[in-house]
Amino acid sequence: MKNKVKQIARKILHQREITVFLIILLVVAVTTIIQPKFLNTNNLRSIALSVSVDGLFAIGLTMALILGGIELSVGGVSAMTCVIAGYLALQGVNIWVACLASIASGLIVGIFNGFMISKIGLPPFIVTLSMENLARGMAYIITTGSPLSVSGHLPKSFRFFATGYVFGVPVLFIIFVVISAITFVFMKYSKMCRNMFYVGSNENAARLSGINVDRVKIGVYVIIALISTIAGLLSLGRFNVATPELSKGAETTAISAAVIGGTSMTGGVGGVLGTVLGIFLLKIVNSALVMMNVSVYWQEFVQGAILVLAVTIDYLNQRRKGRTSYFMKFLGLDKVVRKTVETD
Amino acid sequence: MDNTPDNTILLEVKNLTKVFPGTCALNRVSLEVRRGEVHGLCGENGAGKSTLMNIIGGVFPPTEGTMKFDGKPFSPKSPKDAQDAGIGFVHQELCLCPHLSAAENIFIGRLPSKGDRIDFKKLYADADAVLQTLDANFSSKTPVNKLTVSEQQLVEIARSVSLNCKLLILDEPTSSLTDREVTKLFQLVRDLKKKGISTLFISHRMKEIFEICDRVTVLKDGCYVDCMNISEITHDDVIRAMVGRDLGNLYPEKSSKIEEEPILKVENLSGNGFENVSFTLKKGEILGFAGLVGAGRSELMRGLCAIDPVTGGEIYLYGEKQKFKRYRDAVKKGICYLTEDRKNSGLFLQMSISENISSANLEAVSRRSWIIKRLEIKLAEEYVKKLSIKIPGLSYPINNLSGGNQQKCLIGKWLSTKPKVIIMDEPTRGIDVGAKCEIHNLLRSLCEQGVGVIIVSSELPEVIGVADRVAVMHEGKLAGFLQGEQVTEENIMTLASGASLS
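These protein sequences, in sequence, are chains A and B. Going left to right, the first sequence walks through residues 1 to 344 as the working numbering numbers them. Going left to right, the second sequence walks through residues 1001 to 1502 as the working numbering numbers them.
Hints listed in this document are in silico derivations from the structure and should not be mistaken for laboratory results. Take the hints with a grain of salt, since some may be wrong.
Listing some non-contacts, in silico: residues in chain B with all C-beta distances to chain A over 10 Å [stated by the list, open to error]: (1) L1094; (2) C1227; (3) E1253; (4) K1283; (5) L1394; (6) G1465.
Only pairs whose alpha carbons sit at most 30 Å apart, straight line, appear in this in silico DSSO-like list of lysine-lysine [what the hints assert, rightly or not]: (7) A:K191 - B:K1373; (8) A:K191 - B:K1378; (9) A:K4 - B:K1385; (10) B:K1323 - A:K191; (11) B:K1121 - B:K1195; (12) A:K191 - B:K1343; (13) B:K1146 - A:K119; (14) B:K1332 - A:K119; (15) B:K1323 - B:K1418; (16) B:K1373 - A:K4; (17) B:K1386 - A:K191; (18) B:K1333 - A:K191; (19) B:K1378 - A:K4; (20) B:K1343 - A:K188; (21) A:K6 - B:K1385; (22) A:K6 - B:K1378; (23) A:K188 - B:K1332; (24) A:K188 - B:K1386; (25) A:K188 - B:K1385; (26) B:K1385 - A:K191; (27) A:K4 - B:K1390.
Part of the chain A face toward chain B, derived, beta carbon under 8 Å [as the list claims (entries may be wrong)]: (28) Y189; (29) S190; (30) Y198; (31) S201; (32) N212.
The beta carbon of each residue, even a glycine, is placed where N, CA and C say it ideally should be.
Between the sequences and the hints, there should be enough to build the whole structure, so can you do that?
Below, the structure written as structure tokens:
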């Protein structure tokens, strides 16, 4: 019995997610001590909102990275779909119909990405980089460069998803949590998503295991494009404006969050939970900086520092396989882990 | 061996110990290489050969123990130190810059230059001179990726020779060479020997050790077992030292009852790399495919399973004509193919053992589209037990396992699909002697249970020892079948090289 508890404890402490979670707690604790306003409802809400949209992109990137690819067009696709829905709404089209058009365009993007990567065999980096330009370019063409204000053209019911509250919690955040939960469960337990891991881990072996590699790839890129579309539509409702500049550079934050959360750049390893914690860490640190009156210009710098630190530690850790992580040592938890190992 | 090596010792390793976190890779190992000697190093996978080589090559330092090289104490801190001292190390996986010319690879890091400009004239002249001494018949201007594997190996050896090395370490140099290339390599080693250069030769293959080495040192589980003079011993002595016990019969008994009923019948199958191949696989037999590298054996098998497209021909399984559009269809009908390249196209290295075992048959461990972890674990446990795979735990990444156990996991993975025909390409490549034997026995027992077994192997003793009937391929065509007494190395090689049997 005791052994079992220890075994479970060891398993938990070895998880990347726990490490990130503990660091988040640490950041929150330190900031709260310095600036108790940090835990204000208002501030928590603003963190929740900032996590939501970037978090959706991060989930998309997690899938792409696990598949052994990358997806740089998430921002562009969200801008395009946002602009399409906004433009149609301005023309007097029913917003829900406009959404369908938007989703259809997202679907086309996903199929195109997947097709070029799987059937033609182009590198995902190039395909999605082009797509970022294609999609964002489409957004510029439609808007002729200037943001379209759609205020007054969106019904309350549509805006509720982006700006409403349920029991004081932003609906936008609830949507993010629901999508995270769904993807989390799918990635862990569905056959379809397991194939994604197999392909990412070793494409040849996947093919030789009878897995339809092309179908898996197309499927994943379609799902990512659809998630980006959702992000685009939510942004439209949230800001009441359809701008081609939407989510520019969002993919970099998304990649950072995924990697901090333990997703491997080489494919086959990773998960949504880590990514969600990763995006939380980034956004909480940003907010903490603001709360401590650090200039916003530091945010980008700190994000870079966190990423490089996380990756370095990860790398050193891999190199000394079998040893406890520096994070754990730093937190004084390595001894606990080692003890449980020894008593095995 | 006509010229007996003089007895001064070139490399002396004494009581070398290397501890990695968690394991003791070497435990007080000693090794002695004489001047001008070809010294073999044998041991199963995990016996510590690579660790020992890496210490001698300066890749990492020993935990304890001393080394002497050329009469002087020797403790290299980096591969460069070892190189400067006169040790040339040709790794099993060649490390060359594929886009650069052979010359640039040979003189990498020390290109001749005039001021800041590379003196290409001198570079190519010097490189050609070195290659000439090694009897190479390609220009040093050739980019390395245009060379064959054996030529690339020659480039590596040339690099070591041009550094005036006194000891050349060859780590499993023959694993990707054809027989003809091996002969050439051995001639080269003998030539170097005449020039007084010692060679440390690591190999799994007894035949090669006995052909080329003067003495052989055997390691087992990180410990020194014995150092023997080749002229005084037999294959069995070395194997006994490696395994620590008698293997008895190296290969399982041949089939006692081959039924006439064919499991698989292939007619005039053609595709990329093979044409008009027809054969039948009878119930109760193991059919072996032999031939030189590039004879189209793997291509044939891949075409048969619809992994690669075929241009024509028919496949019958239990008399029923099959039309496979993709590999999945073949798997569903009960034909499966185990790759020759375990690392690159067999295993999901970072994924767990249970996830690897279930990867070909997720249907069996899921309900509708959801994977049931409990079933997945159960399936993995079943095959781990059935095949007596040694594992630390089902949730460990599969790259923690030895080659033999990895291969067994792959076999388990495919057995879980309940195959009717199992095709194994190089079933025991890179696997140590003990595990080899177990896999051969396993194939035999599968065969007795009525599963059709086809093996493709470049190791002649394996084909001869395991298969009941041997199909020999030559340049994409079937050169002939051999059975019973006819199955000899000579006959196989005759057919494989395109000649006909007299």
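Going down the list of hints, with the structure as the test:
no., hint, in the structure
1, L1094, "holds (20 Å)"
2, C1227, "holds (33 Å)"
3, E1253, "holds (31 Å)"
4, K1283, "holds (25 Å)"
5, L1394, "holds (13 Å)"
6, G1465, "holds (26 Å)"
7, A:K191 - B:K1373, "holds (11 Å)"
8, A:K191 - B:K1378, "holds (17 Å)"
9, A:K4 - B:K1385, "holds (23 Å)"
10, B:K1323 - A:K191, "holds (26 Å)"
11, B:K1121 - B:K1195, "holds (28 Å)"
12, A:K191 - B:K1343, "holds (24 Å)"
13, B:K1146 - A:K119, "holds (28 Å)"
14, B:K1332 - A:K119, "holds (24 Å)"
15, B:K1323 - B:K1418, "holds (20 Å)"
16, B:K1373 - A:K4, "holds (19 Å)"
17, B:K1386 - A:K191, "holds (25 Å)"
18, B:K1333 - A:K191, "holds (21 Å)"
19, B:K1378 - A:K4, "holds (20 Å)"
20, B:K1343 - A:K188, "holds (25 Å)"
21, A:K6 - B:K1385, "holds (27 Å)"
22, A:K6 - B:K1378, "holds (24 Å)"
23, A:K188 - B:K1332, "holds (25 Å)"
24, A:K188 - B:K1386, "holds (27 Å)"
25, A:K188 - B:K1385, "holds (26 Å)"
26, B:K1385 - A:K191, "holds (25 Å)"
27, A:K4 - B:K1390, "holds (22 Å)"
28, Y189, "holds (5 Å)"
29, S190, "holds (6 Å)"
30, Y198, "holds (6 Å)"
31, S201, "holds (4 Å)"
32, N212, "holds (7 Å)"
In summary, this structure violates none of the numbered hints.
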